[in-house]
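Colleague: Residue numbers (our numbering), protein chains in the order written: chain L, 13 to 300; chain P, 13 to 300; chain B, 13 to 300; chain S, 13 to 300.
Keep in mind that the hints were calculated from the coordinates and are not lab data. Some hints here could point you the wrong way.
Remember, identical chains collapse to one label, so a pair may be satisfied in a single copy or spanning two.
Here are the computed lysine to any residue pairs in the SDA-like style, where the Cα-Cα straight-line distance is at most 20 Å [as the list claims (entries may be wrong)]:
1) Lys226 with Asp241
2) Lys202 with Asn80
3) Lys267 with Lys286
4) Lys267 with His56
5) Lys202 with Lys286
6) Lys267 with Met230
7) Lys163 with Asn300
8) Lys202 with Glu91
9) Lys215 with Glu244
10) Lys215 with Val190
11) Lys226 with Gly216
12) Lys267 with Gln127
13) Lys226 with Leu173
14) Lys267 with Gln253
15) Lys102 with Asp113
There are 4 protein chains.
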Amino acid sequence: MSNPSDSWIFTATCPSLLGTVDVVTRFMAESHNYINEIHSFDDHVQSQFFIRIEFIPEKDDFSPEQFNGDFSSRAAPFEMNWALTPPWKKERVAILVSKFDHCLNDLLFRYRTGQLNIEVPVIISNHPDLEHLAQWHGIPYYHLPITAETKAQQEAQILALLDEYHIDLVVLARYMQVLSPEMCSALDGKAINIHHSLLPGFKGARPYHQAWEKGVKMVGATAHYVNNDLDEGPIITQGIQPVNHTDYPQSLISKGQDIERITLFNAVRYHIEKRVFLSGNRTVVFSN
Amino acid sequence: MSNPSDSWIFTATCPSLLGTVDVVTRFMAESHNYINEIHSFDDHVQSQFFIRIEFIPEKDDFSPEQFNGDFSSRAAPFEMNWALTPPWKKERVAILVSKFDHCLNDLLFRYRTGQLNIEVPVIISNHPDLEHLAQWHGIPYYHLPITAETKAQQEAQILALLDEYHIDLVVLARYMQVLSPEMCSALDGKAINIHHSLLPGFKGARPYHQAWEKGVKMVGATAHYVNNDLDEGPIITQGIQPVNHTDYPQSLISKGQDIERITLFNAVRYHIEKRVFLSGNRTVVFSN
Amino acid sequence: MSNPSDSWIFTATCPSLLGTVDVVTRFMAESHNYINEIHSFDDHVQSQFFIRIEFIPEKDDFSPEQFNGDFSSRAAPFEMNWALTPPWKKERVAILVSKFDHCLNDLLFRYRTGQLNIEVPVIISNHPDLEHLAQWHGIPYYHLPITAETKAQQEAQILALLDEYHIDLVVLARYMQVLSPEMCSALDGKAINIHHSLLPGFKGARPYHQAWEKGVKMVGATAHYVNNDLDEGPIITQGIQPVNHTDYPQSLISKGQDIERITLFNAVRYHIEKRVFLSGNRTVVFSN
Amino acid sequence: MSNPSDSWIFTATCPSLLGTVDVVTRFMAESHNYINEIHSFDDHVQSQFFIRIEFIPEKDDFSPEQFNGDFSSRAAPFEMNWALTPPWKKERVAILVSKFDHCLNDLLFRYRTGQLNIEVPVIISNHPDLEHLAQWHGIPYYHLPITAETKAQQEAQILALLDEYHIDLVVLARYMQVLSPEMCSALDGKAINIHHSLLPGFKGARPYHQAWEKGVKMVGATAHYVNNDLDEGPIITQGIQPVNHTDYPQSLISKGQDIERITLFNAVRYHIEKRVFLSGNRTVVFSN
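Take these sequences, add in the hints, and give me the full structure.
Modeller: And the structure:
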């Protein structure tokens, strides 16, 4: 048996049709790729098929170019979109923050210790506060202040940095800024935000204060893709924390930190491990 | 030591002031009542004090009338409202249902086995479906159908039954009817509803369908007091259930049943054990 | 799209080898069976492969006999053991109980309302207490008292009943008797027990008392297959319940009931939906 | 109303007796100390009383010496042991580690951001690996290697450091060394260990490997006081993490990290907030 950490990941989606699994798994067998794990799902409402496979090539000269070339004629009749991710791939992640550091500290810890298999080439913030944390990890930190007047310009600077650093994924780790529609469009599907409530409850600003006003007995966090409707992007995962009458907004904020950072970590991990598929405004997540 | 199940329960609330605890506990000691457990809470925002005490009288001739009489002069300067609940008190609970039986079955099971220390003198429904369950438990079942035209009349019939059976608490165990403002007023503070979502998310009808549309990764249930604003009454307790992309509305409904019935049970238990206090539109719950 | 409740279930296991998925999915496609859902797992330590597929035949004249006949020559080189389960299959479940009724009540409720897709042709107990519950559900109830002297004979009676009623699965719903090694062997792999602790903690008798002595802050329940080593059979699923210093053994028993019955229900559901595979003394569970 | 963060904490324990609450709360009222929160518990088995009060002095010249002097004559008849903790008190915590840094990183983050109201004057390890983390936080780091031969000497060095730095509490943040009985005695009641299993399951070495062997579906962590019986000290709190068949020992180790660090954090917080009382080999924890 091979080591599962040598696994390539194959992901695909197409309209539901007889043979969608077979076309993939037959090709895997014929091209001598050993399947470690397979997840598939058929959305009966959308009539859409999703599949994720972890496989290990048994031939030493495995070539992704040849795989893609050979598979394309088989995929065509199914109108299948697919992607191959090599085991050594590390997504290049830009982290955007404001002043809160619990999510940033958590992501950097998991990055530093290898729990999160990513590169973090750049951290961007509208405040200077967290530069020391970036420095200690040897990561460039850009302080790009923002005002109503400079918003367009600041967002352009961010987009330029994402381009310069060849960023695959943007993580809004409590960035606390409402992105412009243009920025949302630019980041569509490649940015993950953590919102500190169980959406759709308590959208918008100060959700813990809203939660306290309402007297809820659970607070939570929602990690979702950014789209152009604030706090309405497709949800990847959610976490909860029981609270009680002794909590005031300040202690809700404090109690919520752990669930925020764990929820954000899970979402980033699912994303980089290619476990998340968009299905309309919903997600298919082959979690483990 | 005495048996804790012999405990009387003392509950009180008043504006925050120095000595609010002392006035109670001193009286307890002087009147030879042994305190088993004490919970207190000061709401700093409302400046309101809440206390719950379980105690065991050490004198055989303990008289609640004398307790109340003696305590009243001490309570007066604090404008304290208090109540005594004897260990043998069983609240008389009316259960209102429609066609779903998971909450009813659960409450009746706990009632029958003594886990829920209540009387259930009457079950009322707008449908005939669950009469067999009531019959098996030997509980009168009233089938009061409802239409838009007969709503006022039907609600009057219900109120008459609550009166006839000397009901202390009404439990809406998935009753599925929107109560009229008049009915809500009549039940204010003495009716508990279970809503099958994590309020304030997914108010109103078909919350599991709403949850599926939104693509959330958690569903939940909220037990709250009825007031005159639908699904907006003070929350007593909430429960959650993780879900995923393989769930359709039908399986959400099925998966949610356990959390609904446990959440409703907890709320009823907290209420009858005098653990719940209203504090504006929020609750103080001395849970255990 | 077809209705997923029309799904057949295909399960198989064999040694790990290139092509284990392909041999199944290719056959599915060629024989015009639409795959709704697929789970597979390769145990790298045991080098064993497990697969579970839900599929819908697209041909009206689907014949399981023909499926099995045609597939056998393909399965042979892989030494694959497989099984087909039709959508209309209801496992015949015998429930064994003593005096505690929370698990029995829960299973019967879910059976009666269709949440658990089983038949319950017989209930067997060493006490007469729960006969009324069986009667109300119209299920034969056998009271087979047991003493040290009559144990062998009583167990023989049980086995005879299991045979007479064509039982597929035995559920020990807090049966509270230690089965003889002979009985364990006879039930090997076809009986599920609920133990009221988080195994391997607190094996044996009175686990809640043991838990209280130890001062743990979590109690739990473990559903496992019966084998010939008491409380050591392969674990299917576990549940937990936080507790605290105010709990005495009696309240642990009461608090544990919900987690016991939900854990047992989940295990029975996983079993009848063919989601559980034995892998040595461990289980593979394709839960949903 | 005063700010709750100005609260003094009063804790006491004594044999159960009529008036144990009154003697405290009457004194509080008479000495003009405003009670924010009160928890009490009577252990019916041990006949022992426990109480924790948060209070705010209403007089500017509040003197703990005078409080203690005045209260002593009242406490005497009850054989009550009590302690006063001022709001500005920060416990001096020494952290002991080996090579794993997830717990250390977590504690230091919460210390640095004020979530954990402690001083960390010293970090001690038998390995040099984590010195950089200590350095970045400006905390002295002592690398004291240990072998079977040098164990007694190394432990003496540790004890000398605890003395030198006036340490109130020792936190074994995955220190991975079995302490000698002498060391255990020296630390009795003032050291907290995190064990990476749900005790009493999987005591001793490599609990995640044990858990994998057993095939459990939940792993957990247990924070407990150190006493002279390895992994048997009084449990403060426990946490759990569901796992499944796809987990190998390595992924259990990884998945368990979050629950280990949160469980350890909670235990430390409960301890420094004076929420934990010893009651034989069990604990009373007035958590919030």
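Colleague: With reference to the structure, classify each hint as holding or not holding.
Modeller: Taking the hints in turn, this is what the structure says about them:
In the homo-oligomer, the alpha carbons of Lys226 and Asp241 lie at most 20 Å apart only across protomers (13 Å), although the nearest pairing inside one protomer, at 24 Å, exceeds that limit. With identical chains, the CA atoms of Lys202 and Asn80 are never at most 20 Å apart, being 23 Å at best within one copy and 46 Å at best between copies. In this homomeric assembly, Lys267 and Lys286 come within 20 Å of each other (Cα to Cα) only across copies, at 19 Å, whereas the closest approach inside a single copy is 30 Å. Taking identical chains as interchangeable, the C-alpha atoms of Lys267 and His56 lie at most 20 Å apart only when they sit on different chains, with a minimum of 19 Å there against 39 Å within one chain.
For the identical chains of this complex, Lys202 and Lys286 are intra-copy neighbours only, at 12 Å inside a copy versus 38 Å across copies, given an alpha-carbon limit of 20 Å. Taking the closest pair of Cα atoms, Lys267 and Met230 come within 20 Å of each other both inside a single copy (11 Å) and across two copies (19 Å). Taking identical chains as interchangeable, the C-alpha atoms of Lys163 and Asn300 are never at most 20 Å apart, the minima being 39 Å within one chain and 42 Å between chains. When the C-alpha separation of Lys202 and Glu91 is checked against a cutoff of 20 Å, the pair qualifies neither within a copy, at 23 Å, nor between copies, at 45 Å.
For the identical chains of this complex, Lys215 and Glu244 are neighbours both inside a copy (9 Å) and across copies (17 Å), given an alpha-carbon limit of 20 Å. Taking CA atoms no more than 20 Å apart as the test, Lys215 paired with Val190 passes inside one copy only; the shortest distance there is 12 Å, against 26 Å between copies. For the identical chains of this complex, Lys226 and Gly216 are neighbours both inside a copy (15 Å) and across copies (17 Å), given an alpha-carbon limit of 20 Å. In this assembly of identical chains, Lys267 and Gln127 lie within 20 Å of each other by CA distance solely across copies; the values are 10 Å between and 24 Å within a copy.
Taking the closest pair of Cα atoms, Lys226 and Leu173 never come within 20 Å of each other, the shortest separation being 41 Å inside a single copy and 33 Å across copies. Taking the shortest Cα distances, Lys267 and Gln253 sit within 20 Å of each other both inside one copy (7 Å) and across copies (19 Å). In this assembly of identical chains, Lys102 and Asp113 lie within 20 Å of each other by CA distance neither inside one copy nor across copies; the values are 23 Å within and 23 Å between.
The earlier numbered hints that this structure contradicts are 2, 7, 8, 13 and 15.
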